[in-house]
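Mind docking chain B on chain A? Use the hints.
Each chain is listed here by its residues.
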Amino acid sequence: MTEIILDHVSKDFEIDRRSVRAIDDVSLTFPSGSFSALIGPSGCGKSTLLRLVADILGPTSGAITIGGKPPGEARLRHDIGFVFQDASLLPWRTVLDNVSLPLEIAGGPIGDGPRPENLIRLVGLSGFENAKPAQLSGGMQQRVSIARALTLRPKVLLLDEPFGALDEITRQRMNLELLRIWQETGTTAILVTHTIGEAVFMADQVHVLAAHPGRLVTTIEVDLPRPRHLAMLQTAEFNRLENAVRAALFGDELADDGAAARPERAHG
Amino acid sequence: MADEAALAAPRPREGGAIGRAAGRLFAPAAVIIVILAIWELAKAANLLPITVPAPSEIAGAFTRSWSDLFYHMVPTVLSAAAGFFLATLVALVLGAVATSWRRTEPSIMKFAIIVDSIPLIALTPILMVWVGNGLASRIVIATIAALFPLVVGVIQGFKAIDRNVSELFHILAASRWQRLAKLAFPSALPYLFSALKIAAPLSVLGALIAEWVSADRGLGIMMTYALFSFDVPLAWLTIVAVCLVATIAYGLVALAERIVIGAPQQTTGGGGGHG
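Heads up: the sequence lines are chains A and B, in that order.
Take the first sequence: its letters are residues 1 to 268, numbered as in UniProt numbering.
Take the second sequence: its letters are residues 1 to 275, numbered as in UniProt numbering.
Just chain A, same shape as in the assembly (with noise of 0.2 Å):
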């Protein structure tokens, strides 16, 4: 079981010899073969907690578990996969060779792990093989970039934002790909995103954070059935669970709007 737990986690960061709060007191579940998404303004340090589960960072203070252990030992077990904001693909490597890179440094295959011609078929690019990086359009160097991130057979997915620099009706058309190859790995997947509608489309859990310092504003469960599909976006119930991350987000913005604005509001 792949249970990703943050107990009272905070991150200072040393700006101009100053210690800067990015994250503060965040204690999270991440269940086990779930999906959830973190939304939040810029600021609100949601990359960087990404950034500690991947111990990519580590925190300040407090403790995070991958599967009861530290991310550390997870990530030396091969056993975190990560997909970037923009794809990261090496740019000399054909779309094999890239998709290929984690068995080369893992030195093969971790347990029966899928082979990469598979996994360049699971994400829709069979016959690209021996293309270059540079040949493809920006959703299919994303494509590349979720199948080197599924390469060791993760038993966590950290998704940085994957598919903000694509347009909306080819990132729609990518979520639904990455649910479908989420649940054929049954992976404890973790989507950072600034899209509500993204989020609540993705997710079991939305976890809407604040910023300055970041931190937990609040959990938003999700229960649509899955599998999820694009009709469901025009349901009563997905429209509600966006309101509900919209007011989470905004907090009293929402219910000032077209009332005379509070005093101390006008000063900015």
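Derived by calculation from the structure, the hints in this document are not laboratory data.
It cannot be assumed that every hint is accurate.
[Claimed, not checked] Not the full set, but computed from the structure, chain A residues with beta-carbon under 10 Å of chain B:
no., residue
1, 90
2, 158
3, 250
[As the list claims (entries may be wrong)] Calculated Cβ distances over 12 Å to all of chain A for the following chain B residues:
no., residue
4, 19
5, 23
6, 34
7, 64
8, 105
9, 132
10, 136
11, 167
12, 169
13, 172
14, 173
15, 181
16, 183
17, 187
18, 194
19, 261
Given the structure is predicted, the values throughout are model-derived calculations rather than measurements.
Each residue gets a CB set at the ideal place from its N, CA and C atoms; glycine is no exception.
Below, chain B without anything else, positioned relative to chain A:
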């Protein structure tokens, strides 16, 4: 999917490669021929000083002394090539150390700057005393002459690593060696080749300087002899020969770059590759 596939279809690039290469050579060749013609006419009209021979006189020197020229060219090419490869090796090691242990980088850069600011013309006689005035000392001088741009290029190249990809290698628990071989070195290649293209002619110049000071064979000593005996066309012939050697050295590196990296890189990014 369909529209993405259409975007991605690689364009054929092979067609008419020879024809285009010829086209690329034609313009510079025409310019050189025009310059030579003007030069020849100017000399015939007595517009040029006695120290500048007509191109035909230089050609005459070549027909007179071509066997001498090639005899002297061999050691120059050898010491330049050896110095070039040695400098590349040293720069790669220094660059790898500077990138793997970040704290060493300032010291390595300072060392490279100091080595580069040594006046070679003054160092050469001192080095001859230490190493002897054989091939070894000329190779060392050629190495020093070529070293600085290579060190800068390698370090800059090793640093030109995408932050996310660097994080990816961390997540994959890559070893120091894997990081160097699979990430740092390939990322550095375009920078390395730029540096190699600067360094190749410099190593020829280094070999030449060493030969000026002391050598019994080499383009440098041939040049000195020609100057002392006031054989102006021969002196110019050696200059042309050095230029050619340096240009060919540059050309070989550029060729190697095309073979290793491929055609000039298109910028990566959404939708690239068309246009």
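>> A cut-off of 12 Å on Cβ-Cβ distance, and residue 181 (chain B) was said to be off the interface with chain A. Does that hold?
In response: 10 Å, violated
> Should the interface hint for residue 158 (chain A) be scored as holding, given a Cβ-Cβ cut-off of 10 Å against chain B?
Replying inline: 9 Å, holds
> Against chain A, does residue 173 (chain B) keep a CB gap of more than 12 Å to every residue?
Replying inline: 5 Å, violated
> Is the nearest Cβ of chain A still more than 12 Å from the Cβ of residue 19 (chain B)?
Replying inline: 25 Å, holds
> Holds or violated: is the Cβ of residue 172 (chain B) farther than 12 Å from all Cβ atoms of chain A?
Replying inline: 5 Å, violated
> Can we trust that residue 167 (chain B) is non-interface, i.e. its beta-carbon lies farther than 12 Å from all of chain A?
Replying inline: It is violated; residue 167 (chain B) is separated from chain A by about 5 Å at its closest Cβ, not greater than 12 Å.
> Any Cβ of chain A at or closer than 12 Å to residue 194 (chain B), or is the non-interface label fine?
Replying inline: It holds; residue 194 (chain B) is separated from chain A by about 16 Å at its closest Cβ, greater than 12 Å.
> Is residue 183 (chain B) truly not at the interface, in the sense that its beta carbon sits beyond 12 Å from all beta carbons of chain A?
Replying inline: The claim breaks: residue 183 (chain B) does not keep its Cβ more than 12 Å from every Cβ of chain A (closest is about 8 Å).
>> Please check whether the beta-carbon of residue 136 (chain B) is more than 12 Å away from every beta-carbon in chain A.
In response: 37 Å, holds
> Holds or violated: residue 90 (chain A) as interface residue toward chain B, Cβ cutoff 10 Å?
Replying inline: 7 Å, holds
> Can we trust that residue 169 (chain B) is non-interface, i.e. its beta-carbon lies farther than 12 Å from all of chain A?
Replying inline: The claim is violated: residue 169 (chain B) sits with its nearest Cβ about 7 Å from chain A, within 12 Å.
> Does residue 64 (chain B) really sit off the interface, with its C-beta more than 12 Å from all C-beta atoms of chain A?
Replying inline: Its Cβ never comes within 12 Å of chain A, the nearest being 50 Å, so this holds.
In this structure, the hints that do not hold are numbers 3, 11, 12, 13, 14, 15, 16, 17, 19, in rising order.
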